[in-house]
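Undergrad: The residues making up each chain are set out below.
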Amino acid sequence: MIKKSLLIIIILFSFPLKSLALIEIDITRGNLNPLPLAVSSLASTEDDKKNLKKKLKINDLGLEISKIVENNLKKSGLFNPLDKEAFLQKPDIAHLKPRFEDWALIKAQALITGKVKLQDDKLRVEFRLWDVLAAKEILALAFTTVPKNWRRVGHIISDKVYERLTGEKGYFDTRIIYVSEEGPKTQRIKKLAIMDQDGFNTKYLTLGNELVLTPRFNPTNQMVTYLSYFKNLPRVYLLDIETGIQEVVGDFAGMTFAPRFSPDGKKIIMSFAKDGNSDIYTMDLESRIVEKITNHPSIDTSPSYSPDGKYIAFNSDRSGYQQIYIMESNGKNVKRISFGNGLYGTPVWSPRGDLIAFTKLHKGKFYIGVMRIDGKGERLLTENFYQEAPSWSPNGRVLIFYRETKTDSKGEGFSAKLWSIDLTGYNERLVETETDASDPSWSSLLSN
Amino acid sequence: MNLGKIYKNIFLIIFLGFVLSACATQTAKKIDSQIQGDVYMGTDTVEYLADGVPDRVFFATNESVLTTASRETLRKQASWLRKNSEITIVLEGHADERGTREYNLALGERRANAAKDYLMTYGISSSRISVISYGKERPVDSGSNPLAWSKNRRSVTVKAN
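First to last, the sequence lines map onto chains A and B. In terms of the working numbering, the first sequence opens at residue 1 and continues consecutively. In terms of the working numbering, the second sequence opens at residue 1 and continues consecutively.
Everything labelled a hint here was simulated from the structure, so no lab data went into it. Hints may be right or wrong, so weigh each one.
SDA-like mimics (lysine to any residue), calculated; alpha carbons at most 20 Å apart, straight line [stated by the list, open to error]: (1) A:363 to B:138; (2) A:410 to B:88; (3) A:363 to B:98; (4) A:74 to A:425; (5) A:417 to B:138; (6) A:274 to B:62.
Facing chain A, from chain B, some residues (calculated, C-beta under 10 Å) [stated by the list, open to error]: (7) 50; (8) 60; (9) 62; (10) 116.
Predicted, not measured: the structure shown is a model, and the values here were computed from it. C-beta atoms are modelled at their ideal positions from N, C-alpha and C, and glycine is treated no differently.
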């Protein structure tokens, strides 16, 4: 099912020379002046509208796709999509040749136009990005895909626009895997769930019969590793979300937990707890060879590889309290990097390799923060009663994590929710989920 | 304002101070009697494996060291297990909600093993004991306060057969 959905064909039908665009977005700090832009509804002929409605039960698919683009760009905090009510030009005409004065009049600096139709039972979508002030086209693309992938078309357009205007890859055509939570705090029912980055298309991957925790994506494909209490034996599992087939990872005589993939997707790194001691191990998924990476009587857990696979960050209480360490991928040269006040855990290496995101506990408050890989330049992005487990967007610009609320004197009022925040510390947002949610993991880009 | 009135005001303030601090000590005492050195000492959540044999021991924050009271409980469990040699047990280790999920899984495992090691020194064979950690996944008290957290930092001995 996912394989099919990856069959989106992208055709560059005009190839403008880069540069020269007047639009520039500063993404290095909190953007307090998001770029005003207009996302015109994608035009279709009356016949196409009728056919698309028959096929997808959606009245105006072009409008719905444009709303996905608006929503994505708005949530990035870098763009301010303008109200469609103010648009003066009709979508079909604007797509052919915008009247730039009209768009400048409503203060749009960029304009997105497009066309959608049904062609041989496939959805054909094209769009153009225009620089209003320079009065020129700066990007044009067309896609063909199966009609039920129409939401992904909106995400891919968002990614292309984001990339063209910021110079960085987007993160919209992605998914989040997380743990869905229901029921009382003392007896939570937990299921693996997956959804599009914008909260749509939620699917539940387990039934809730056993406790499941900490799902993580393979960065190279749609495999997932997670912890399951199947048969009351907490072990690391591997799940193929295309086929639903799952298997236990390795043959350990005790609890394995805190799994993550290596950047090439070929190994799983995790902790194995035995006789009161947790050490870090890897298992090669093909050869099944298991290697012990740390060997210390303290708790060593939450390992995460650097994007080049050469280093591992993890947390350990070998100093007496939970702190962050890095080491070479063979376990040599262990070096503590967190030296601030408080406890540090859940290090996750950024996709760009220069930063480590973490959870910090200090004076009864929990923080999500980032530090450089030498431990310097610590920046705390958000403070709360309880929050942990940051996961990076594939472009390294946004972190998603979960937050729990305090219960009152009767033990009520508990909730667990997903939140996202920009690396800048701005643009904190609730990520809507159907149920309570925790342990989010962000996929890599599905296309390209 | 004459001197008498000032004295009267001071007296009133001192008196109020007494009332307030008396209230504070009373609640503090109530919690104090249940938590000693960060370890839960009460019996609210405790169940019994047999008459006079409590099923659980409690820990200080981030600790897996057995307190004097915990060791006494475990000696009672060991003596009960020696008398009932057909019984096998699971030690369930738990942590409070004030720690990261993965670290707490490791901590729960460490706590259950501290209890296991002690039972073994009192003659219980390791073949009769299995260990599981639930980390912070199964609190007994859903509160978000120090007393609730102290009840949740525990290792519970459960009959397996």
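Undergrad: Does each hint fit the structure? Answer for all of them.
TA: Here's how the hints hold up against the structure:
no.	hint	verdict
1	A:363 to B:138	24 Å, violated
2	A:410 to B:88	36 Å, violated
3	A:363 to B:98	11 Å, holds
4	A:74 to A:425	17 Å, holds
5	A:417 to B:138	19 Å, holds
6	A:274 to B:62	18 Å, holds
7	50	24 Å, violated
8	60	13 Å, violated
9	62	7 Å, holds
10	116	8 Å, holds
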